[in-house]
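Residue numbers (the working numbering), protein chains in the order written: chain A, 474 to 901; chain B, 474 to 901; chain C, 474 to 901; chain D, 474 to 901.
Simulated from the structure, these hints should not be mistaken for laboratory data.
All figures in this text were calculated on a predicted structure; none of them were measured in a lab.
Treat the hints loosely; a few may be bogus.
[Stated by the list, open to error] Derived pair list, reagent style DSS-like, types lysine-lysine, alpha-carbon separation capped at 25 Å: (1) 630/C / 537/C; (2) 577/A / 758/B; (3) 518/C / 524/D; (4) 710/D / 630/A; (5) 763/C / 577/D; (6) 880/A / 506/B; (7) 763/A / 577/B; (8) 758/B / 809/B; (9) 880/B / 506/A; (10) 577/B / 758/A; (11) 524/A / 506/B; (12) 880/D / 506/C; (13) 524/C / 763/D; (14) 524/A / 524/B; (15) 577/C / 880/D; (16) 518/D / 518/C; (17) 518/C / 506/D; (18) 758/B / 710/B; (19) 577/B / 518/A; (20) 506/B / 506/A; (21) 880/D / 758/C.
The primary structure of each chain is shown beneath.
Number of protein chains: 4
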Amino acid sequence: MTNTEVQFDVSRIGPALIPSPMRGVCFTADDAKILYDTSLSSVQKFLEEGKVPPQMEIAGPREKIYFDPSGLRCGIVTCGGLCPGLNDVIRSIVLSLYYHYGVKTVYGFRYGYEGLVGLQGQAPIELTPENVSGIHEKGGSFLGSSRGQQDSAEIVKTLERLKIGILFTLGGDGTLRAAHAIHQEIQKRGLEIGVIGIPKTIDNDISYVQMTFGFETAVTEAKAVVFAAHNEAVSAKNGIGLVKLMGRDSGFIAAYATLAGGEVNFCLVPEVPFTLDGLSLALQKRLQTKGHAVIVVAEGAGQDLMQASGETDASGNVRYNDIGIFLRDRIKDHFKKIGMEINLKYIDPSYTIRSVSANAHDAAFCLLLGKNAVHAGMAGRTDMVVAYWNQQATHVPISMAVSQRKKIDPQGWFWNSVIATTGQPARM
Amino acid sequence: MTNTEVQFDVSRIGPALIPSPMRGVCFTADDAKILYDTSLSSVQKFLEEGKVPPQMEIAGPREKIYFDPSGLRCGIVTCGGLCPGLNDVIRSIVLSLYYHYGVKTVYGFRYGYEGLVGLQGQAPIELTPENVSGIHEKGGSFLGSSRGQQDSAEIVKTLERLKIGILFTLGGDGTLRAAHAIHQEIQKRGLEIGVIGIPKTIDNDISYVQMTFGFETAVTEAKAVVFAAHNEAVSAKNGIGLVKLMGRDSGFIAAYATLAGGEVNFCLVPEVPFTLDGLSLALQKRLQTKGHAVIVVAEGAGQDLMQASGETDASGNVRYNDIGIFLRDRIKDHFKKIGMEINLKYIDPSYTIRSVSANAHDAAFCLLLGKNAVHAGMAGRTDMVVAYWNQQATHVPISMAVSQRKKIDPQGWFWNSVIATTGQPARM
Amino acid sequence: MTNTEVQFDVSRIGPALIPSPMRGVCFTADDAKILYDTSLSSVQKFLEEGKVPPQMEIAGPREKIYFDPSGLRCGIVTCGGLCPGLNDVIRSIVLSLYYHYGVKTVYGFRYGYEGLVGLQGQAPIELTPENVSGIHEKGGSFLGSSRGQQDSAEIVKTLERLKIGILFTLGGDGTLRAAHAIHQEIQKRGLEIGVIGIPKTIDNDISYVQMTFGFETAVTEAKAVVFAAHNEAVSAKNGIGLVKLMGRDSGFIAAYATLAGGEVNFCLVPEVPFTLDGLSLALQKRLQTKGHAVIVVAEGAGQDLMQASGETDASGNVRYNDIGIFLRDRIKDHFKKIGMEINLKYIDPSYTIRSVSANAHDAAFCLLLGKNAVHAGMAGRTDMVVAYWNQQATHVPISMAVSQRKKIDPQGWFWNSVIATTGQPARM
Amino acid sequence: MTNTEVQFDVSRIGPALIPSPMRGVCFTADDAKILYDTSLSSVQKFLEEGKVPPQMEIAGPREKIYFDPSGLRCGIVTCGGLCPGLNDVIRSIVLSLYYHYGVKTVYGFRYGYEGLVGLQGQAPIELTPENVSGIHEKGGSFLGSSRGQQDSAEIVKTLERLKIGILFTLGGDGTLRAAHAIHQEIQKRGLEIGVIGIPKTIDNDISYVQMTFGFETAVTEAKAVVFAAHNEAVSAKNGIGLVKLMGRDSGFIAAYATLAGGEVNFCLVPEVPFTLDGLSLALQKRLQTKGHAVIVVAEGAGQDLMQASGETDASGNVRYNDIGIFLRDRIKDHFKKIGMEINLKYIDPSYTIRSVSANAHDAAFCLLLGKNAVHAGMAGRTDMVVAYWNQQATHVPISMAVSQRKKIDPQGWFWNSVIATTGQPARM
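Next comes chain A alone, as it looks inside the complex (with noise of 0.2 Å):
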């Protein structure tokens, strides 16, 4: 997507008439935006061609809301994965609405968009400040989530039924372009239900939103499992330690960790392809001169050298094949073939890494997230995302947040400085 094609626009319900109930604040402009693109030469061929250049615009709370707080009732859900901070967030929206606007009725739906649907899943749970104190020490999802589609008719079914007028939906991609076509039905039928999404994803793979809530929180546990896979290999002759780390289209997590461990020798990533051949004879030549080496692997990484599998996950998500497991039978074929003893330890930490409560960046960063997200819904708008752009929270359509993956830029400062620090190859 060029320059030219991305625009920020994001729906809204109605006007804003009702005065916020917030006291004491400094209310956002309710036009304020920031550039998209922060080169001055972006922003003039713009300006030279008449059109006005891509702008986000900056969350926070409006003077005018759309929605009277009295009587309202909002519902929260979360889809997916575990992420830490889930629960931080939840909180946060939860005593935002309740302290800052008075809204009292806040339903907490059971695991994912099931809970929304007719009796399938469990009847949601009202969420209060007091229910929700103490969540946020807690790793794991307080609602409960699910992979899987619902029918979007039945989910506005239910939010009718149930009086919602904003829906707080807390999900990757699959989730968002759920909530968007939620959105549609509601604009189907005529009602006046605002949908807000919070992105979660731990890869920090979406679009136009620089930072994810529970990446960092996910970088500091992927660096301790690092560490270990590093005393394991110094501690024996010829020792390997392969780390496989998540990450299906994006090599973030790989990549930080990476960066932030300082032990890493070959980290490998979706974006950047690789040969069996290459590695292996990049790690012997590491094995011959240094006597050890760490690998870490983004579970998406070298999906070619793997015959596919064909198979999508409930969520829709193609079934990656295991590159870790993969790597470490072909790596110790390798060097069975060459007559070299190794000592390989293959750790998948997986589910250790994502369900761990959030760290001190992390739950700030949500309790903004979630603030910013209730904002938004009350001023009326809908269909969009809260991100995270150019150290500002600010509003993004959800179909742009979806358009595509964010990916680690082969050719970028990022990747040079992850390939510098590893001393790898650029090629292999």
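Given chain A's structure and the hints, the job is docking chains B, C and D onto it.
Same frame as chain A, but now just chains B, C and D:
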């Protein structure tokens, strides 16, 4: 300083004519810049007036460099109080000089600028990839640090005698002012020595730098202390946990620890004045309704309430009276006077926060800072700091970085969020 | 107290005639005991004199119990300063009473013995498996705590009025003495109420109890603080890190933190006297050879060097002068006098150590302590504490537990190991 | 083995005639012992039969030693899998030899017994206080480790060639058996070389040793993994968290992690058989009432349920089938068969637990173990391990230590406590 006065032109020792020895790297254009202010109206105003809007130079490796790496000697010095990540930056500079540019001689000066002055300090350490390996896992400064002014002329003599081409200096406001003086002395003597600062301020209060290393780690530690204070408060009748945190001029650590934890009821920062009566009454009300309270106070808060000490420390910073002890005593007085039994526990975590090793985020950040400092130095930049602006590593002249302190805006969204989180009165 | 004077006979309210409702359990024989002294010669000496060597009763579930669980009401109270694991013990007692014996009514008295006296405290909380679920993940005391004496007669009146059958009391020396007084008052009034103590002393200084809960967690936290002090010390010229740790009468926390860390050069405990001159000279020598030093001082050390304060706190403990502040100032004086520049950083971690949640070891230990307290109470034992001796949970009469403080033997292997680790002079 | 068969006489190379160079130390009497069995009746039975009850020799520094420290050379080797604290023990041995006895030459053999055999391994490292300083802060083994048998005669030839006086060997069952064989070879050849074992078993399953280093650290890590599994389980409909932990023959880690955490519903250990049907039905019942469940399984549990692999690893240990994968699949089968939707998350933390650095408790414990190993070696003891019994460091002949595995007693108070905590059926 208004927008029209900010300018970010960085000094250069001379033209960069030597091809970089780096291979397989995507170089940053020598004049790459980003807009300082990301509001379209600001940019348009400049353009309409026929002016160029302020821009910051983007950091990164340049295709042409100024110094011939063969025979180049560099120096590193750390000054002022400890900050998580010092060793990460030292290590990153050494590794980058060695592996990216082939610079073999790097001196680590001992105990701050003292180590650059005659025989007063100890002899410098020769830094190599071997002896900096592993230092990033430890807190403190591998080189040692100290406060205090030293004679610029003496320092430059030492640089000249040791044939140093680039001096990397890690420190805060005072250190950077001294670095600027060193640069001026270098110019006066017609020498070709670069001076590159890496801003070190645990308080995150350097201007035109959105994030400094060690800050997030400090917030993480501070959050744990606040949690301890909370546990003490809830475990006693009318329990009060009072925590003093760092923040001489800016309350960012106190404010972020408040957002990250969710247990703080009163956050007191230098930027927002309060009265003893206002605080006491709000605290009394809190105890009467909830039975316990947590107060976080930045060390620079409420200085107007105490008699000025009039002293300065070795770095020239005004020595503050101890607001923690002061509040502890005044709060006890208040409740004694009104005959209400309280249990106040005062915690001053002091050195335990700043002396830990960098967390995952800061570790990665320090790595990148160190590399960009090296790139800037090799490209012939001088009298500048490596900064961070809108998700970009940038170059900022020292004079700009020390022009004023970065502070919390009491009218802005961030402070809004803090008081919305604590529930404290906007004015006390 | 010589071996011939120790005796561990535990009081019983009356004969245990009711079959335990526990199923599938291996019951402990009602009179199961272990030897107190495990040297053969000691045992033989007793036997040769026709005496029974001292033995401790082994804790555990009994086949016959004293109280009929149906209708039994129990109470729990926590007194004195915080200690990691308080909530674990509370939770364990409630769960064991409920699930093992079917006791449905358990009162949690608020804020120490105050909560047992008339209307002075707040109403007790009814404790259930639901409301104690999760409390073990938090530090502090779920019930609140307080220091201070209360009238035993009043306390027993409350117990009688609420029809309490067993009172579980968590506290240190003073709390246990009070528990003994409560027991005596119960006897005087001919009531059938059991009093079971769970010794709570973060200092690990209760006699005839080899390990108390929270101690290991405290050492873990203390180790981290010592590490901070070490980082400060090595990062400054003639850097001194001075850490004050808990330990009023016994220096176990200081000593174990010294063994656990390996960075301490001087460990000062109440059991081993030292002079200011001795310390100053040894410290000077250390600085002159190594350039930095770490000192750990237990709060009760060196009290003879300061003027006595003559005060006591609400628990009746002698209020000590602050040895940390005192040493900080005297050390600075010494080096000022001899004209040697030092950089001393003083750390008093205080409440941050005692208010954390229990680590894995203490969590498991607290679980077992709580269960054994319940088994003892149900079996009709009273006026005793649940102790730990030679890898066994045991019963010890309160009078023995409070007969003296457990202290480090300055002649023993343990202190030997400490000074061998620090390298400090055996006498200073 | 019955009590009458246990005996703990430790071999001595020869009479200790040389005065220890240690000063200011309280020496342990050369024949100091403690009773093995602390029940009075057991002791009396022996005495009545005119026999001496079994006693263990107490560890500690002796006034007279066997080896002349001047010119003595020692060796250290670490074998088998990693265990937290290996580096702490290595460091403690080196420091104690150097500072307490003045032994200057200590060889660290690389990669287990391999490093003691001809040219197969790498050359040994000379260990000094300088190069072992700081190694205790890292996990893994500074010397490297390996599995596998080596020829005792070859090993003894190496010891002889290098003029080693004492060999310290850190390892588990297999390593200790090999150490015994080395001792026998030494005897056969009439050499004067001591062999001192330090039992290394993360499973804590060595006989006559109540506590081995690294175990508590492992439980701490395991507790965190169980917590992750719990978070996964409660966040999904019919969520099951299944965790495989270490424990080939003994389930101590699984059992203690269960006690420490409080979230485990089923704890499966090698000592307590279960059937698949029993487990499935109990699990089904749990899900139907509570909606989620956490299962912890030790790797050696339920081996009878799977077909034997018949293989052994390089250390000669039977290679077990993977009970974790097996249970994961069988549980899924069960619920598929009965048409009940579950969400099972399987976690195998494997190497991440054993490769961390020692926690505070284990760090102090390792320090003492290392010192006592040195004292034993210097005093001329051989063919023994440094053990821990009833709060005392002791000496135990290798033959006793490897005579059988220490296991959980399914009838004892400890297992009672575990199943009382989980609420699982006593028999499944």
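Open item on the list: Holds or violated: residue 524/C and residue 763/D, Cα atoms, limit 25 Å.
Closed with: The given pair, whose Cα atoms are some 56 Å apart, is violated under the 25 Å limit.
Inset, instruction - Would you check the hint for residue 710/D and residue 630/A, treating anything up to 25 Å between C-alpha atoms as holding? - result: The hint holds at about 23 Å.
_Hint consistency between residue 577/B and residue 758/A [alpha-carbon to alpha-carbon, up to 25 Å]_ = holds, 24 Å
inquiry  = Just to be careful, I want the Cα atoms of residue 763/C and residue 577/D compared with a cutoff of 25 Å; is the pair within it?
reply    = holds, 21 Å
message = Next pair to validate is residue 577/A with residue 758/B; report whether the Cα-Cα distance is within 25 Å.
response = holds, 24 Å
Margin query: What's the verdict on residue 524/A and residue 524/B, does the C-alpha distance respect the 25 Å limit or exceed it?
Written below: holds, 20 Å
| Between residue 758/B and residue 809/B, does the CA-CA distance stay at or below 25 Å? | holds, 15 Å
Discussion item. Checking one constraint from the list: CA of residue 577/B to CA of residue 518/A, max 25 Å. Satisfied?
Written reply: violated, 45 Å
**OP:** Take the C-alpha atoms of residue 880/A and residue 506/B, compute the straight-line distance between them, and say whether it is at most 25 Å.
**Re:** Answer holds: residue 880/A to residue 506/B is near 23 Å, not above 25 Å.
- Holds or violated: residue 880/D with residue 758/C, Cα cutoff 25 Å? At roughly 51 Å apart (the allowed maximum being 25 Å), residue 758/C and residue 880/D break the hint.
Just to be careful, I want the Cα atoms of residue 506/B and residue 506/A compared with a cutoff of 25 Å; is the pair within it?
It holds: about 21 Å lies between the C-alpha atoms, which stays within 25 Å.
(Q) Between the alpha carbons of residue 880/B and residue 506/A, is the straight-line distance 25 Å or under? (A) Answer holds: residue 880/B to residue 506/A is near 23 Å, not above 25 Å.
Comparing the model with each earlier hint shows violations of hints 1, 13, 15, 19 and 21; every other hint is respected.
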